[in-house]
Amino acid sequence: MAAQPKPLPAAAPSYLEGGGILGWLTTVDHKRIAVLYGVSALVFMAIGGLEAMAIRSQLWSPENHLISADFYNQLFTMHGTTMIFLVLMPLELGTFANFMIPLQIGARDVAFPRINALSFWFFIMGGIMLHLGWFWGGLPNDGWFAYANLTERYFSPGYNMDFWIVGILILGFSTLLTGLNFFVTVTSMRAPGMTYMRLPMFQWSIITTTVLILLAFPPLTVGVVFLLMDRFFGMHFYQASYGATPILWQHLFWLFGHPEVYIMALPAFGIISEVLSVFSRKPLFGYPMMAYSMVLIGFLSYGVWGHHMFATGMGPVADSAFAITSMLIAIPTGIKIFNWIATVWGGSLRMTTAFYFAVAMVIEFTIGGLSGVMHASAPVDLQQTDSYFVVAHFHYVLFGGVMFSILAGIYYWWPKITGTMLSERIGKWQFWLTIIGFNGTFFPMHFLGMWGMPRRIYTYGAGLGWTSLNRLETVCAFILGFAFLLLYVNIVASLRRKQVAGADPWDGRSLEWSVPSPPPEYNFARIPEVRARDAHWVRKYGRTGSRGVAMFMAGRTPPVEIEPPAEPIHMPAPSIYPLLLALGVWLMGFGLIIEWWRIIIFGGFTVFSCVIAMGFEYPTFGQPAHELPAAAAGTDLRKTGIWAFLGSECAFFASLISTYVVYKSRSLGAPGAEILELPLTSISTFALLMSSLGMVLALAAIERDDIGWARVWLAMTISLGLVFLGVEAYEFTHFYHEGLAPQTNLFGQSFYTLVGFHGAHVSVGVLWLSTLLAATFVTRVDKSRSLSVELAGLYWHFVDIVWVIIFTLVYLMQQVKGA
Amino acid sequence: MNGSIHEQAHPGVTTYVIVAAFLTVLTAMEVTVSSVHALKPVMVPVLLILAAAKFALIAMFFMHLKYDTWFLTGVFGFALTIATGLLVSLMLLFLYLSHYLYFTGLLSP
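Residue numbers (my numbering), protein chains in the order written: chain A, 67 to 885; chain B, 765 to 873.
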């Protein structure tokens, strides 16, 4: 660091000040939530790291019995699950994205602050659920991928996988809400002038990642719900003896699992793009291609899941298709790597710890990428799958790629988050020990894998020639652990030493460096107007990059001007309900596991009460300041949000419908689809279609301020929805008496699940519309509130169009054989 | 919301009623197609086209995609494309898997 700016007077107290413990528990400020995520993830990282060292200790010598085989299974399952769901994603999205999205796009908060808080508390509740097994019943023990049918009750009878199922479902809610929130924020809350092609590259990575989240998590949710039904309600979604196939789990899991790799990798790419550019004092090379390749990677990542399943025998056509798409993804990734090199090339480099980690990431990730291209080839993959070669590969991607980026991000953004500097000296020590420990642990695994050492084995024979490399790996794993200990030491030392960072310690390029460190609660006293890419740099130096470098070298960096707000800024009020709501969901899950229905009912009551309370809480907010920036997309935030939600629902129902179509023809024994009654369902279908007419007529009435007719049409919509639900209830009861229970056969379980989930959506819609109808009697509703009706209507119509598909595929094509 | 947000005009009551009438007719056609034995050979494509037409009518007119910004159409359209790809891919993969298993004798027909 060439120049240390003087501490500047803050315009207002920083976001870290005031509120006490209750203030943190009820916060909806994106920066505080980011800190909460960060602290929690660092705790989980310590747990996951200790699990890894226990694994390595067990593998120190052949025929070792340091820990039992079952506990070893629990350790590697929890290590993977913890690092992916509780460390990497929360640090990238929960901490960095949460903190930096509003600051980089010139906004005062995220689009939905209370949902942001809810995401965090879901994350905590999911993490606690996953770790309950430390105290009771044992940890999850079937691997982070939980392959069926090992996860069925017959093979895994304890609570272990129950904790995993419920924990992953809760974490899935958390991630989905985060994805939706951030998607709306970046697309709709950018400051004036912040066009897409002026966004910092980190924001491009977030847009792409959130789309991936919205469309990749629903298949996982569906797969886990099937598993839950198998284990708790006696169904057979993954049991071959009933005609089902455990391969369905692999498809649903990897439909999520491979995009998940990019959900972790893309934000890492974004962080590296920021760090390399700032510490090279150059604009990011090939910005448009970097942005496009980010999007292309995201898009292609939907079509590569099958390369995790070459060994399942998908056949040459499917193998070839997945091999091609998997190889294609190397092209945009290669573009990024070359552009990073070109960014650094010829730059005026500053050798900070953040820069070290960023450069190392490019190298280590490339190694992981090269072994990844090998896996894209089906014949090669068949030799490598389930061996330590794969362990080496994904650690080079997830540790060498993602964790190195996170470490770069920590050293880069720590001054902005805390207002203090981390020690560069400790940082460099940490860096070199990490390099030695990481490569010493994971590079030899390539050889062990090629020599035949399978992954996940508890121990190995003495005469296999694997001992020396395993010992080297164990020693290096402990070096790596020590390197991370230095990070924690550095953090504590930084917070105790309090070396003031100043607003712009790195001579940054993006808007977060234009506000104090740590920032005030409202972020920007005035919403900035953006006139160029690298907005803060251009504001400091103009458009000539070399002049800026010269000024910086001469110690003449212009100070950041910090101004007080012209008038009080009203930020969203804190709320305790996100915490209580998440607690209610946790209680419902816990009650399900221990089969204590009173707890489930209490949890459900808590959730319902919190939803109602949040509804009443909203009017007291008024018009929060974070909603004021011009909505770049030209739509209301809530409207964009509900459309993004409906997009995610498309993937959810597509997964359910796929399962129905696949399982319909595999179902063993009667009754089958012939039991369905077309005349009755045609009537209920007509009722649902006409309810949509009622819905739009209600909206039209509200828009012309005709409350009387709006009530009539809303009542009609609700009534027709109830007619539909009544027919469905009759149909279910009738089928049950005819001998078709959900547990009877594959047709029964997939039919009841698909139609039942749709019915649940209709029920939610009826409740929503009933609340709106009640609101017209309790409060003044005029056309200024028509958006509330429109949002409910969008949901209602979506439920309608899903039924159009279900009616066609399930009822009208009942005699057509499935796949 | 500030004034930069586009407030698009929604269609009138007449348009809504006409769309509902179309939906009713299309549903009646669907039921007819699935019930008439002579139409069995073309039943699947015809039913899919009719369902797609109903889907499009609701999305365009009742959900106002025809009148709202292109961005919302893009959000929903992309999601729909991925979801459709997921559905078709899984059907094809399992169709192939079933044939492969029958062919190799691992699964009896």
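Since the hints were made in silico from the structure, they are not lab data.
Every residue, glycine too, gets a C-beta built ideally from N, C-alpha and C.
Some clues are possibly wrong.
[Claimed, not checked] Covered stretches of chain A, as calculated for chain B (at least 3 residues, CB under 8 Å):
1) 83 to 95
2) 559 to 573
[To be verified] Label pairs and their calculated CB-CB ranges:
3) B:Gly-776 x A:Gly-735: 15 to 25 Å
4) A:Leu-394 x B:Gly-776: 31 to 41 Å
5) A:Ile-660 x B:Ala-785: 27 to 37 Å
6) A:Lys-849 x B:Val-806: 19 to 29 Å
7) B:Thr-848 x A:Pro-128: 45 to 55 Å
8) B:Tyr-860 x A:Gly-735: 36 to 46 Å
9) A:Glu-804 x B:Tyr-860: 27 to 37 Å
10) A:Phe-548 x B:Val-852: 24 to 34 Å
11) B:Ala-785 x A:Gly-379: 25 to 35 Å
[Stated by the list, open to error] Just a few of them, taken from the derived set where beta-carbon distance is under 10 Å, the chain B residues facing chain A:
12) Pro-775
13) Thr-791
14) Ala-802
Consistency of the hints with the structure:
1. 83 to 95: Our answer is that it is violated, as 0 residues pass the Cβ test (under 8 Å) against chain B, missing three.
2. 559 to 573: Result for this restraint: violated, n = 0.
3. B:Gly-776 x A:Gly-735: 15 to 25 Å: violated (53 Å)
4. A:Leu-394 x B:Gly-776: 31 to 41 Å: Check failed, 48 Å falls outside 31 to 41 Å.
5. A:Ile-660 x B:Ala-785: 27 to 37 Å: At 54 Å between Cβs, range violated.
6. A:Lys-849 x B:Val-806: 19 to 29 Å: Since A:Lys-849 and B:Val-806 have Cβ atoms about 47 Å apart, the given range 19 to 29 Å is violated.
7. B:Thr-848 x A:Pro-128: 45 to 55 Å: Once the Cβ atoms are compared, 52 Å apart, the range 45 to 55 Å for A:Pro-128 and B:Thr-848 holds.
8. B:Tyr-860 x A:Gly-735: 36 to 46 Å: Violated, at about 25 Å.
9. A:Glu-804 x B:Tyr-860: 27 to 37 Å: holds (34 Å)
10. A:Phe-548 x B:Val-852: 24 to 34 Å: violated (51 Å)
11. B:Ala-785 x A:Gly-379: 25 to 35 Å: Violated, at about 51 Å.
12. Pro-775: B:Pro-775 check passes; min Cβ-Cβ to chain A is 8 Å, inside 10 Å.
13. Thr-791: With Cβ-Cβ at 6 Å, under 10 Å, it holds.
14. Ala-802: Cβ of B:Ala-802 sits 14 Å from chain A, so the hint is violated.
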